[in-house]
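Residues per chain are reported as follows:
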Amino acid sequence: MVDTAFGAPGTIPPAEVADVELYHPHSFVTKYVFSQDAKVIAIQYSLTAVAIGLIALVLSWLMRLQLGFPGTFSFIDPNQYLQLITMHGMIMVIYLLTALFLGGFGNYLIPLMVGARDMVFPYVNMLSYWIYLLAVLVLVASFFVPGGPTGAGWTLYPPQAILPNTPGHEYGIILMLVSLIIFIIGFTMGGLNYVVTVLQGRARGMTLMRLPLTVWGIFTATVLALLAFPALFVGCVMMLFDRLLGTSFFMPAISQLGEQLKYGGGSPILFQHLFWFFGHPEVYIVALPAFGIVSDLISTHARKNIFGYRMMVWAIVGIGALSFIVWAHHMYVSGMNPYFGFFFATTTLIIAVPTAIKVYNWILTLWRGDIHLTIPMLFALAFIVTFLNGGLTGLFLGNVVVDVPLSDTLFVVAHFHMVMGVAPILVVFGAIYHWYPKITGRMLNEAMGQIHFWVTFIGAYAIFFPMHYLGLLGMPRRYHDMGQTSFVPDSAHTLNAFISVAALTVGAAQVVFLFNLFWSVRHGKEAGGNPWRATTLEWQTPQTPPGHGNWGDELPVVHRWAYDYSVPGAERDFIPQNEPPAARPA
Amino acid sequence: MGIVILLIAGLAGIVFWWLSTQRLGSKPWLEQGAIGEFPGTGATALPAGKLGLGVLVAVIAALFALFLSAYVMRMQIGDWSPLPKPRLLWVNTGVLVLSSAALHWAMRAAGRGERDALAGGLLVGAASALGFVLLQLLAWRELVALGYGVASGPAGGFFYLLTAVHAIHLLGGVAALALPIAKMRRDAPAGEIGASVELCALYWHFLLIVWIVLFAVLLLT
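Chains A and B supply the protein sequences, listed in that same order.
The first sequence begins at 964 in the working numbering and counts up by one.
The second sequence begins at 84 in the working numbering and counts up by one.
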């Protein structure tokens, strides 16, 4: 399947691939369980990520019940509340979004979009999923151990993460750290595949500048993840040493309840540096695939080529590079050297430039486009607005003087939910509505899609817009109960109750979506091979859903870029990437 | 975090150099047409295995650069006291050099198609790698006997941590030797075995460099 002569000047590799080179499943188990086919692995990744994400969704309902109606739900005590926020955050960021964008969409789309038969290392790819599943199971196990899961906050800051009196300090924190370590090992296996497949598995004629932006986004995000996750790995291993072996990497001399603990000399800020060296690129690990996917959705559903393709590519690469030198803007209040704050505020504002370029280009793509308000397009448009909102509050928080008073308030919660919670999830939904017909051969139900979209979109704003206001009032995050606080007026409590009702409503809308997913597998409208009349290679497969090996006997040959929509003089309003150019005048 | 930033800047340099050869300034919307008209921008000619190993090496290098960054930052806090340096570590270093050399020799033998020399090289390489790990354990025992356990101080903690992480990567390499050995057993074509052995040898050389850096840091601090 892999032709080493690819790209050598003057050589054209054979289009036909000997049958023996493909891995062939022979039984149900090797076909659907221990499968080495990237498409099956993608679905396994996605279903697992969605399942664990639903748990995190339920956790957020419990939090909202407590915040909206304090004192009513006596079964949520302060410790449990801390466990809820910790597990909600960690699951959503890592086990849902990272796994879904890279493990799910990456696995499904990379081989199809670049015109490969499968990932380059299918066996390692399979291992990647099973190791991810193990990480999820270890994480879930922490709900059932004595003391419950850790309540250290999703950032797991020492010293409190491993001190007695933090919920889950006995076993919860250990399982959390072990689960993260396992996740990173599994991710690295998958990430190797995504990078090497893009570099090495592209079909003939698929130059880098002909790649759909989805592939650019996932590829760059994978490179970031491969280099950033080791920082989390190092932090987790060292904290595990502190917790289990009594070292003092992160633990300062500390006494608790009048008793001197065995630790001394360690640096909690060291952990923060390691955590955020991973944590900030993580924002872009989630955002870059979303950027890429949304570019393709907008172009396809507005029947217009993407505006400024080159600039979009450069912006993705530029954001990727810059994302490694902004991490300490999460640490303005950590007590680090104030001069660092100046440096990191500057880099943070610089990274807004390529990001803004992308937003302008999406809008200019829409301008005078033939906009079809399909469900994927609705989600894509909602993403642009939401990402812009979240990005603008990011400019506030990127400045030290504004961040210091707003730090640890609900303003921060509102900001990061808008920018890396709601915005990427909107893209996930848009992408599922867009590619579901390719994966199953049937369309998702339109009416249910409309309900899902409008409730989710308006509901998300009902949740997070007022939260900015609560944050400006100074309402702190991570508090189980505000109690009698003079600066929080009664109206703020009413607003909190409103937010909770909105959150439960949005949650209910997701049930409609889930039902649609399963219902449409059998009852959806037949989609055909290319229902959106799109140009990219995955829509040109001989079978829908694509068969094993993706392409039948011959690999596709690419003749043009991914955005030939509404080309003047062309027969149809789209020209697939693998369509040869019309005969040129001599 | 200076060390890891330097490493990532270096990697970014490689990436940008490679991207600069990929016609990122071209206007793809104007360029339709057959393959061959845009030279040098197809999929890379490197074999997948080598490319994959290269990416893996970059990830592991980032991992150790981050450990060393943490090491340097932790050192700056007042309670650092140096560790005694067991003489044994020099012997261990020699054994690891031997292991790396044996695999290099195996790679050469595979290139010449000498099966026996190849088998011998792999055997010596694997045995000396395992020997290295055992000797590292002896060095641990020596330090523990001197009263420098894992919780004795930050230098001790880092020593056990870094040697353990390095040894685990080496053991992973030994496990990966099963691949070329399996290929030899089923009489795979010489080129296939050679490619496999070459990957192992490159990985060994990389881990040798990592160990030498770790050892130097240990000796100097």
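Hints may be right or wrong, so weigh each one.
Stated by the list, open to error - Restricting the straight-line Cα-Cα distance to at most 30 Å, the calculated cross-link-like pairs of lysine-lysine (BS3-like) are:
1) A:Lys1488 / A:Lys994
2) A:Lys1225 / B:Lys168
3) B:Lys266 / B:Lys110
4) B:Lys266 / A:Lys994
5) B:Lys133 / A:Lys994
Since the hints were made in silico from the structure, they are not lab data.
Status of the hints after comparison with the structure:
1. A:Lys1488 / A:Lys994: Satisfied, since the Cα-Cα distance of roughly 26 Å is no more than 30 Å.
2. A:Lys1225 / B:Lys168: holds, 26 Å
3. B:Lys266 / B:Lys110: Status violated; Cα separation ~46 Å.
4. B:Lys266 / A:Lys994: holds, 25 Å
5. B:Lys133 / A:Lys994: This hinted pair holds, its Cα atoms lying about 28 Å apart.
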